[in-house]
Amino acid sequence: MKRSGVVVFLLSLFLCAFYIEGASEVCAADDRLVVVTAWETQGLDPLLSGFAFLRMGSVEPLVRSDRKGGVEPCLAEKWSLSDDRLTWKFDIRPNVLFHDGAPLTAAAAAQSLNRTLSKGAIFKGTPVKTIESDGNSVVIKTSSPFAPLPWYLATYSTVVLAPSSFDKNNECVSVVGTGFYKLSSSEGNTVFDFEAFDGYWGEKATIEKARYLAVPNPETRAMMAESGEGHIVIDLPAESAQYLAKDTDVIVVSHILPRVRSMILNAKLPVFADAELRRAVSLCIDRKGIAEAIHKDVTLAATQLLADFSPWHDKNLSPLEYNPEKAKEIFLASGWKPNKSGVLEKDGKEFAFEILTYTARPDLPVVAQAIQQQLANLGIKVSIAIDNSSVIASRHNDGTLESALLGRNYSSIPDPIGNIAADFSEPRDPMGAMNWRSEKAESLIKSYMGASNPQDAAKARSGIMAILQEELPVVPVSWYANQSAFSKNLENVNLDPYELRPYPEGVRWKK
Amino acid sequence: MKKVVGILGKSILRGLGIAFCVSGLCFAVAHLIPGDVALEIAMTRYGESDVGIIDRADRVREEEGLSLPLAVQYLDWIGKVARLDFGISLIDKTPTLPVVLRALKFSALLGVVALGFSLCVALPVGIVVGLRPRGKFYLVTAMLSSLIVSIPSFVWGISLIVLFALKLKWLPVAGFLSPTYVILPAATIALTLSATSSRIIAVSLAETINSPYYAFARHKGLSELWTLFFHGLRNASVPVVTCIGMQAASLFGGTIAIETLFNWPGVGLLFLNAVTSRDIPVLQTAGIAMGLICVAVNTTVDLLCLVLKPTARLERLG
Amino acid sequence: MRAFGVAICACIIAFVLIIMARGTNPYAQDLMNTFALPSSEHLLGTDYLGRDIAARAARGTLNSVLYAAASVLGSMTLGTFLGISGAWAGGRTESVLLATTDFIMAFPGLLFALFVGGLFKLGAWPIVMSLILTAWAEYCRMSRAIARIVMARPYVEAGVICGYPSSFLIRKYIFPEIVAQIATLASFGMAKSILYISSLNFVGIGLTPPVPELGAMISESLPYIRRHPFIVVPPSALMSLFVFALILIASKTEKRSDKFESERLF
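Protein chains in written order, with the working numbering: chain A, 1 to 511; chain B, 1 to 318; chain C, 1 to 266.
If a hint is listed, it holds; no wrong ones were tucked in.
Straight-line alpha carbon distances no greater than 27 Å define the calculated DSS-like cross-link-like pairs of lysine-lysine that follow:
{"no.": "1", "chain 1": "A", "residue 1": "K459", "chain 2": "A", "residue 2": "K315"}
{"no.": "2", "chain 1": "A", "residue 1": "K288", "chain 2": "A", "residue 2": "K315"}
{"no.": "3", "chain 1": "A", "residue 1": "K510", "chain 2": "B", "residue 2": "K167"}
{"no.": "4", "chain 1": "A", "residue 1": "K459", "chain 2": "A", "residue 2": "K446"}
{"no.": "5", "chain 1": "A", "residue 1": "K510", "chain 2": "B", "residue 2": "K169"}
{"no.": "6", "chain 1": "A", "residue 1": "K141", "chain 2": "A", "residue 2": "K89"}
{"no.": "7", "chain 1": "A", "residue 1": "K488", "chain 2": "B", "residue 2": "K169"}
{"no.": "8", "chain 1": "B", "residue 1": "K169", "chain 2": "A", "residue 2": "K511"}
{"no.": "9", "chain 1": "A", "residue 1": "K326", "chain 2": "A", "residue 2": "K268"}
{"no.": "10", "chain 1": "A", "residue 1": "K511", "chain 2": "A", "residue 2": "K204"}
{"no.": "11", "chain 1": "A", "residue 1": "K488", "chain 2": "B", "residue 2": "K167"}
{"no.": "12", "chain 1": "A", "residue 1": "K296", "chain 2": "B", "residue 2": "K167"}
{"no.": "13", "chain 1": "A", "residue 1": "K209", "chain 2": "B", "residue 2": "K169"}
Hints were generated in silico from the structure; no laboratory data involved.
Given these sequences and hints, build the entire structure.
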């Protein structure tokens, strides 16, 4: 029986080692608020991982999302624009402390933001020129009038960290923010523990301890919501969300997000070169069927790029429809006729293309299969390739991408203009429209950025949306609804559809 | 003694060989596949919806020296490894060695517990069945173990989670925050392990008992049953130890599905993430670690067999 | 037990043939009719996209078996050829061969398949290739060991002296001894391949939608098991039964004493 003895010995050794190490770093306290999301971080740098700390209320930006697509004051009490509309002045809120006890000053804020300006990507392509501090204010100068600037300051990469967070090489070595939770420990890139910060300037956290858990597998997240291990669980698959809502006492909430499942079409391909053909392909997609069967919510069928909760949704646009008969006529009129095997053919070439998609958002391959079949019913041969989302970008750049189905976020900043400019004007984001340019759209985007009053902005907005609906450089398929679950023992859970406000904000245990 | 030295020497050579081959393979394949490595790394680092990704890609390319010729990059890597500098993860810019060691620690924990569970079941079952090789019990356990092995591990995993964590609420679902989290994943793995182990123990024991020298020993008058047992077990244990050794080696990477399901940050998950995000330094370091571990396990098995039955070594090496 | 295994295989083959003869399209979706209960039109109901489960399962079995058979045939041919040649050639070649197989067998096959499949993303074929590249070592080892033993026998020596060509000698004397062992290894190998491919599909490697494959079907159905548990049963049952049958066919009763058997399931 030597063998079992050895095994038992090794076992106990390992358990001891694990216990000692584990206990010192991470201990599971029972009343700790556990937030479960899909996203692991990549180190501590807010430029990469700021989303985790922003959403846990550990770091804060100068202005923050007001949950309705706009911004409200946060670390900046108020701001003003010079008459020539080129200089912004953000007045820093007084009596705010960082987690290390240092006071928040305009100089510290400017240092953080300058780091983002030089190392980050959020300001690329924008007219932001310099960021300086002047007494109690942060002064930002732009090279041309730039109305959306405050939105650009509300994201995770523009949060304000204390100077002690950075070392002499300007690398981030710790996360010292101003938020109501301060980071107390971490385990790899998947577990972050927080403690309530007593010196918080606003409403302090009621729940003393919190934890951020990254669990990439969506079914595992759903099971954690069900078992109560996760008190707030973000981003559940549609099926699990339905199950949790109906068959357990977990509370499930659903928000439509400014995220769209859309198909990028390479406009250089002969099958996509003409807007008429792209519209025809769009007519073949049964969006209501997809929304009903896959997302379990028929209202998510996209009628245009953005859903109706967004100010960018234009009710006057004629909605995207499902009309395979009309599509057939268009194909016939353009010279695409079914060949012997039923596939559309013109000049000896088949109407065939490849859709590239990825599994990081698990519904995408399923939607791709539905689209593939719907197009096959009309004689279009579609093959599906599944790879990393980054491959879409690299194949866009080398020109080999034919079509891609992705979940496109239009809320990197609270207003969609950030991503719309990136996707449809220059410099082009490789996840945006491919080989398609519209000078009219570009000038409208510029005028939106420089608009001096809401009416001009609204005009430019509807102009842009009209062009996108007409030309369909990307074909919207369905809108995203983020389904999240929280424990019935929690109250006052208020989740931001733009995911820029902290999940545990104002959350309390029920008495 | 000479044999021991021989085994050890061979293993060290084998280990180094595997380590180099694996890291070279990781390196070659990761660089030779279509796609711009720099851009993909940039996207994983900075997110797909980040504006200005091309600039970042260029920056990544410069920082990581990705435009240098491949041979130069590889030799550079070898040089660093010789100095025990295992490089920095391309994705989150932390040194790769601690990341790999951490994953190894978790895999080791899971593996040891799983093996422990499996032996707790397989030893008694195997011995009981082995002593009566013709009974109905034998047939039943043979069928049962085959059936258990036929059902994929992740299906077992989900069933166990649904039963123990959700319906009965005895155990937590997934994660690694305290020792109870290891039970379900280890039990899932132990199911398939014990199925094969018990079969092998049973067959091997049955063979030994039926063999001539065992009968002879008994006829000789070695009356104490337990001394016989000792002889018998020693001989029977060679294939068992071999089998367990192979299982142990496979535990370090073959548990990907379980690790994904239970969110257990072991080597399998590390490999999966590194492969999908093309994080070459992590792949190479993990590859070296894997190779060395496999060799270490195989060597331990060889040495154990030597201790148990010197002539068995010839059999095993065929 | 063997007979039982063969019987199960026969049932599965019969099932597959019958379903395929019905001619239902395994790809046709009916988004308004998802998770339908079994009916005369859909013998086993429909899945999450409204596709006929029976047709998909039948086609999927075919595909799974195809991939597994391909990997086994490849590794078997390669391994046996190298093993016998190595044994016949002897000397340096043989030691190099032994060292190589030693080397390869020390490396976990699943990880290699993950690596190749994850990097090449061309569906299931890279996985099959990588499985061939790791599994051949087993066949090589086994066939070499047996060939060695047979070669030492006097009638083989006599044959060499008489000048018979080596191919004839190999065919006549060595092959018959090897066949039984190859069959065992092949059965286990097929079982292992099916399980490996399905595990990799579970973690997202090697998929080519909408081509049905049993492992992929299982992992696709898992998100729905709480409210629609039935849809995971047909592919799981088919796969498990098929693997079970293979293992039964490969199993030995203890009547045959097996010095060559490598009990290698995982």
